[in-house]
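In this note's numbering, the protein residues as written are 1 to 266.
Hints in this document: simulated from the structure, not taken from any laboratory.
Incorrect hints may appear among the rest.
Said to hold, decoys possible - Here are the computed lysine-lysine pairs in the DSSO-like style, where the Cα-Cα straight-line distance is at most 30 Å:
1. LYS49 with LYS196
2. LYS92 with LYS49
3. LYS143 with LYS92
4. LYS83 with LYS122
5. LYS122 with LYS92
6. LYS143 with LYS194
7. LYS122 with LYS194
8. LYS49 with LYS83
9. LYS49 with LYS122
Unchecked claim - Cβ-Cβ distance ranges computed for the label pairs, FRET-style:
10. ASN51 with LYS83: 26 to 32 Å
11. LEU27 with ASN174: 24 to 30 Å
12. GLU68 with ASP138: 18 to 24 Å
The structure displayed is predicted, hence computed values, not measured ones.
For glycine and all other residues, C-beta sits at the position ideal for the given N, C-alpha and C.
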Amino acid sequence: MPKPLISLFLCDKSSSKVPEIGKGDPLRYYEWIEENLENGAIQFLDHSKFNDINEIGRGGHGVVYSAEYRGEYIVFKELQNNKIRTIVNELKQHVAVNDSENVIKFLGITIDSGNRGNSEQKNYMIVLQYANGGTLRDYLQNKINENIFRISWADLISIAEQIIFGLRDLHLNNIVHGDLHPKNILIVHDDNSKFKVVLSDFGSASKSGDSVISIHGKYLTIEYADPQFFIDPEMIEPKFKSDIYGLGLHRREKEKKRFLAHLQVT
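Build the full structure now, drawing on both the sequences and the hints.
Next up, the structure:
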């Protein structure tokens, strides 16, 4: 019986840490990727074997697609302008937290099959786990039936705990999510109808349709952006406290949704 796609392509724990990259010629970033492909720290997926490709999101930093690969669905991201330093930084973040149960799984990288020239022309794209349950916002919305929010407190507590565990794993690896909101929190269902909550899009693209603002080159969802960005002109990067602020707003939205759903039937 074939292994699930995630089992095939997750990095081994023994190679879950990749070496640091020194400053210098941008070509070094391409060499860094090739070195980690060779030593197995990063897996390569053949883009020419991707089928049923569909755009599912677009934001300030890039475009997100879904595709079928080896009988399973995956997601891959094409970053805006294909900036190699941005790609390498995101790769390092994904590898650092790939053992986390509550962060989207990193499967490897691919190269656009129509663009396989020399190193400086390669269009590297990041391949990630496909969240078959959609976004947390959609998941909660689907729990409203006949104006009643049909979800147990146990499930709500589990969702909150899993978000916190995901943030913990990011922060322990010195990664700030920076844009935490219900469309960047995804649901994965297993064969036993159980669900897992995973964080995605830390430091990358916002989904299409969001109200976003660019602050010092960072694309943030306005409703969940840390107010300090608008108050402190010297704050140019999200901080750990920014994630806690987003977490608080997310909790408020869940409670408001539950309250309004009950209010409509009284």
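Hint check results:
As the CA atoms of LYS49 and LYS196 are separated by approximately 28 Å, the hinted pair is consistent with the 30 Å bound. Restraint check for LYS92 and LYS49: the C-alpha separation of about 25 Å stays at or below 30 Å, so the hint holds. Restraint check for LYS143 and LYS92: not satisfied, since their Cα atoms lie roughly 36 Å apart, outside the 30 Å limit. Distance check on the hinted pair: LYS83 and LYS122 sit about 11 Å apart at the alpha-carbon level, within 30 Å; holds.
For the given pair, LYS122 sits about 18 Å from LYS92 by alpha-carbon distance, which is consistent with the 30 Å threshold. A threshold of 30 Å between alpha carbons decides the hint, and for LYS143 with LYS194 the separation of about 15 Å falls inside it, so the pair holds. Simply put, LYS122 and LYS194 have alpha-carbon atoms about 39 Å apart, too far for the 30 Å limit, and the pair is violated. For a cut-off of 30 Å, the pair hint linking LYS49 to LYS83 stands: about 24 Å separates their Cα positions.
With a CA separation close to 17 Å, the supplied pair LYS49 and LYS122 stays within the 30 Å bound. For the pair ASN51 and LYS83, the beta carbons lie near 28 Å from each other, so the given range of 26 to 32 Å is met. Distance hint check for LEU27 and ASN174: the Cβ-Cβ separation is about 27 Å, which falls inside the suggested range of 24 to 30 Å. At about 21 Å, the CB distance of GLU68 to ASP138 agrees with the hint of 18 to 24 Å.
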